[in-house]
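Student: Here are the chains, one letter per residue:
2 protein chains.
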Amino acid sequence: MDTLLEQFLTQLKSSVNEMAGLVEEAIVVATKSLAKKDESGLKRVFELENQINDFHKKIDRDCFKLLARQSPVASDLRLLIVCTKMNVDLERMGDLACSISHCIGDYLKLQPVPIGNEIPKMADLVRLMVRQGLDAFLLSDEGMAREVLRMDDSVDNYRDTLSLSIRETLKVSNMNLDAHLELFTIVRNLERIGDHATNIAEEAIFLISGEDVRHQKNEGKK
Amino acid sequence: MDTLLEQFLTQLKSSVNEMAGLVEEAIVVATKSLAKKDESGLKRVFELENQINDFHKKIDRDCFKLLARQSPVASDLRLLIVCTKMNVDLERMGDLACSISHCIGDYLKLQPVPIGNEIPKMADLVRLMVRQGLDAFLLSDEGMAREVLRMDDSVDNYRDTLSLSIRETLKVSNMNLDAHLELFTIVRNLERIGDHATNIAEEAIFLISGEDVRHQKNEGKK
Numbered sequence: 001m002d003t004l005l006e007q008f009l010t011q012l013k014s015s016v017n018e019m020a021g022l023v024e025e026a027i028v029v030a031t032k033s034l035a036k037k038d039e040s041g042l043k044r045v046f047e048l049e050n051q052i053n054d055f056h057k058k059i060d061r062d063c064f065k066l067l068a069r070q071s072p073v074a075s076d077l078r079l080l081i082v083c084t085k086m087n088v089d090l091e092r093m094g095d096l097a098c099s100i101s102h103c104i105g106d107y108l109k110l111q112p113v114p115i116g117n118e119i120p121k122m123a124d125l126v127r128l129m130v131r132q133g134l135d136a137f138l139l140s141d142e143g144m145a146r147e148v149l150r151m152d153d154s155v156d157n158y159r160d161t162l163s164l165s166i167r168e169t170l171k172v173s174n175m176n177l178d179a180h181l182e183l184f185t186i187v188r189n190l191e192r193i194g195d196h197a198t199n200i201a202e203e204a205i206f207l208i209s210g211e212d213v214r215h216q217k218n219e220g221k222k
Numbered sequence: 001m002d003t004l005l006e007q008f009l010t011q012l013k014s015s016v017n018e019m020a021g022l023v024e025e026a027i028v029v030a031t032k033s034l035a036k037k038d039e040s041g042l043k044r045v046f047e048l049e050n051q052i053n054d055f056h057k058k059i060d061r062d063c064f065k066l067l068a069r070q071s072p073v074a075s076d077l078r079l080l081i082v083c084t085k086m087n088v089d090l091e092r093m094g095d096l097a098c099s100i101s102h103c104i105g106d107y108l109k110l111q112p113v114p115i116g117n118e119i120p121k122m123a124d125l126v127r128l129m130v131r132q133g134l135d136a137f138l139l140s141d142e143g144m145a146r147e148v149l150r151m152d153d154s155v156d157n158y159r160d161t162l163s164l165s166i167r168e169t170l171k172v173s174n175m176n177l178d179a180h181l182e183l184f185t186i187v188r189n190l191e192r193i194g195d196h197a198t199n200i201a202e203e204a205i206f207l208i209s210g211e212d213v214r215h216q217k218n219e220g221k222k
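If you read the protein sequences in the order shown, they are chains W and G.
Its first residue numbered 1, the first sequence is counted upward by one per residue in our numbering.
Its first residue numbered 1, the second sequence is counted upward by one per residue in our numbering.
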């Protein structure tokens with residue numbers, strides 16, 4: 001029979017997982033709207049962000065209550081701190097998915113320019129990073145978490161290639177400048193979601209092994 | 001005579017303040033390099049980021065130790081949680097200041113385009129938000145924290161005006177496209193630093209009044 005604290009911690013992990021599921025859905029819905037040139041899905045992203053924000057507040061309250069009333073120690077305390085931080089990252093991802101949706105909304109009002117397959121592929125990879133980061137945390141799978149860190153390199157490559165391609169297109173002609181700048185911003189924001197998923201994977205590694213792997217990569221990149 | 005816990009908490013606040021000072025310096029040094037078209041300062045920003053990252057790890061360790069060994073309750077516990085979160089925001093600001101410096105480095109390699117006074121003014125306002133958010137936290141001044149939230153509206157206005165101006169320039173001519181896109185990215189990143197300063201002010205308000213003012217503004221903006 002689980003103790004009361006164990007039950008609370010299980011519920012907390014489940015809330016974090018549910019919140020991450022909403023973030024994943026927001027990324028999928030936004031990208032689908034872009035690929036299908038159909039803005040009807042964007043409203044759904046804004047609804048999802050509201051739900052993500054509600055989780056943000058709820059998880060903070062739950063963590064505080066648990067800390068105050070149950071005085072957890074050792075690995076339970078570490079778990080609580082990690083959940084507090086993952087909560088920050090997931091909220092920022094929801095915010096970024098929402099920013100992306102605003103860009104898509106503006107993009108769809110303009111003369112369409114070809115988007116190719118690369119942005120949807122990048123978005124799918126970013127979504128996978130979120131899921132895999134969470135799974136690594138839930139399953140205490142350090143290898144899976146480290147894979148997320150490697151996936152971030154691919155996301156950065158997508159960002160570089162796509163940004164360069166947009167620049168090259170605009171150098172040939174500045175027609176459809178606004179549409180291309182929306183895509184440019186979407187790519188940047190997707191990359192930022194990848195950064196937050198990386199934070200989650202790093203937190204998972206800290207929880208599993210006690211190792212602080214943050215700031216080992218070449219950071220502060222553009 | 002202060003208790004041991006009180007002494008630790010005073011040290012912790014002092015570390016957070018010192019870390020914020022480094023972030024401020026990074027913003028100032030980066031902006032000066034841009035305004036003076038002199039890249040020699042950028043190296044200093046990268047050094048500052050390393051120091052910010054060291055604080056990031058140290059503050060996390062200190063918070064964890066305090067939670068584990070001193071079992072703080074009520075307002076002390078709230079203070080610790082708030083420091084944990086401010087630490088995340090300050091680290092991201094250092095990261096963004098570093099991204100801005102990479103952009104400035106690339107910008108300075110290109111044919112210079114006029115930058116005007118608006119970007120330095122925006123950067124100065126963002127730096128002030130960081131300082132005022134921290135002061136509000138250290139002095140428990142709720143009014144000052146709420147002022148930071150209002151300053152963020154001005155930062156968003158700068159972002160909108162500057163982005164529009166860059167778009168308009170590029171519509172007239174795509175000459176110097178790369179330089180303008182660097183400025184476009186710098187403006188975005190400054191705005192993101194403002195968002196993190198807003199988080200700090202919101203945390204300060206929570207600490208002072210117990211009120212959770214997050215997600216009351218129109219969010220998920222571009």
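Heads up, a few of these hints could be off.
[Stated by the list, open to error] Here are the simulated distance ranges between beta carbons:
id: 1; chain 1: G; residue 1: E147; chain 2: W; residue 2: E142; range: 25 to 35 angstroms
id: 2; chain 1: W; residue 1: D141; chain 2: G; residue 2: M175; range: 31 to 41 angstroms
id: 3; chain 1: G; residue 1: K37; chain 2: W; residue 2: S14; range: 26 to 36 angstroms
id: 4; chain 1: G; residue 1: M175; chain 2: W; residue 2: E118; range: 24 to 34 angstroms
id: 5; chain 1: G; residue 1: V73; chain 2: W; residue 2: S14; range: 49 to 59 angstroms
id: 6; chain 1: G; residue 1: S71; chain 2: W; residue 2: D38; range: 24 to 34 angstroms
id: 7; chain 1: W; residue 1: D178; chain 2: G; residue 2: I115; range: 43 to 53 angstroms
id: 8; chain 1: W; residue 1: L164; chain 2: G; residue 2: E147; range: 15 to 25 angstroms
id: 9; chain 1: G; residue 1: V73; chain 2: W; residue 2: E211; range: 22 to 32 angstroms
id: 10; chain 1: W; residue 1: D141; chain 2: G; residue 2: D160; range: 25 to 35 angstroms
id: 11; chain 1: G; residue 1: N117; chain 2: W; residue 2: Q11; range: 46 to 56 angstroms
id: 12; chain 1: W; residue 1: D178; chain 2: G; residue 2: T10; range: 46 to 56 angstroms
[Unchecked claim] Some but not every residue of chain G turned toward chain W, in silico, with C-beta under 7 angstroms:
id: 13; residue: S15
id: 14; residue: N17
id: 15; residue: K57
No lab work stands behind these hints: they were computed from the structure.
A virtual CB, placed ideally from N, CA and C, is assigned to each residue, including glycine.
Student: Are the hints correct? Go through all of them and say.
Tutor: Quick rundown of the hints versus the structure:
1. Distance hint check for E147 (chain G) and E142 (chain W): the Cβ-Cβ separation is about 45 angstroms, which falls outside the suggested range of 25 to 35 angstroms.
2. A C-beta distance of roughly 51 angstroms is found between D141 (chain W) and M175 (chain G), which places it outside the suggested range of 31 to 41 angstroms.
3. Between K37 (chain G) and S14 (chain W) the beta carbon distance is about 54 angstroms. The supplied range of 26 to 36 angstroms is therefore violated.
4. Between M175 (chain G) and E118 (chain W) the CB atoms are about 27 angstroms apart, so this pair conforms to the stated range of 24 to 34 angstroms.
5. At about 26 angstroms, the CB distance of V73 (chain G) to S14 (chain W) disagrees with the hint of 49 to 59 angstroms.
6. A C-beta distance of roughly 54 angstroms is found between S71 (chain G) and D38 (chain W), which places it outside the suggested range of 24 to 34 angstroms.
7. A hinted range of 43 to 53 angstroms is violated for the C-beta pair D178 (chain W) and I115 (chain G), which are about 22 angstroms apart.
8. The given range of 15 to 25 angstroms is broken by L164 (chain W) and E147 (chain G), whose C-beta atoms sit roughly 41 angstroms from each other.
9. A hinted range of 22 to 32 angstroms for the beta carbons of V73 (chain G) and E211 (chain W) is consistent with their spacing of about 30 angstroms.
10. At about 44 angstroms, the beta-carbon gap between D141 (chain W) and D160 (chain G) misses the expected band of 25 to 35 angstroms.
11. Range check, N117 (chain G) to Q11 (chain W): about 53 angstroms between beta-carbon atoms, so the 46 to 56 angstroms window is met.
12. Separation of D178 (chain W) from T10 (chain G) is about 52 angstroms and conforms to the stated range, judged on CB atoms against 46 to 56 angstroms.
13. Because the beta carbon of S15 (chain G) sits about 17 angstroms from the nearest beta carbon in chain W, more than 7 angstroms, this interface hint is broken.
14. The interface hint given for N17 (chain G) is broken, as the beta carbon of that residue sits about 20 angstroms from the closest beta carbon of chain W, more than 7 angstroms.
15. Among the interface hints, the one on K57 (chain G) holds; its C-beta lies about 6 angstroms from the nearest C-beta in chain W, closer than the 7 angstroms criterion.
Hint compliance for this structure: hints 1, 2, 3, 5, 6, 7, 8, 10, 13, 14 are broken, all remaining hints hold.
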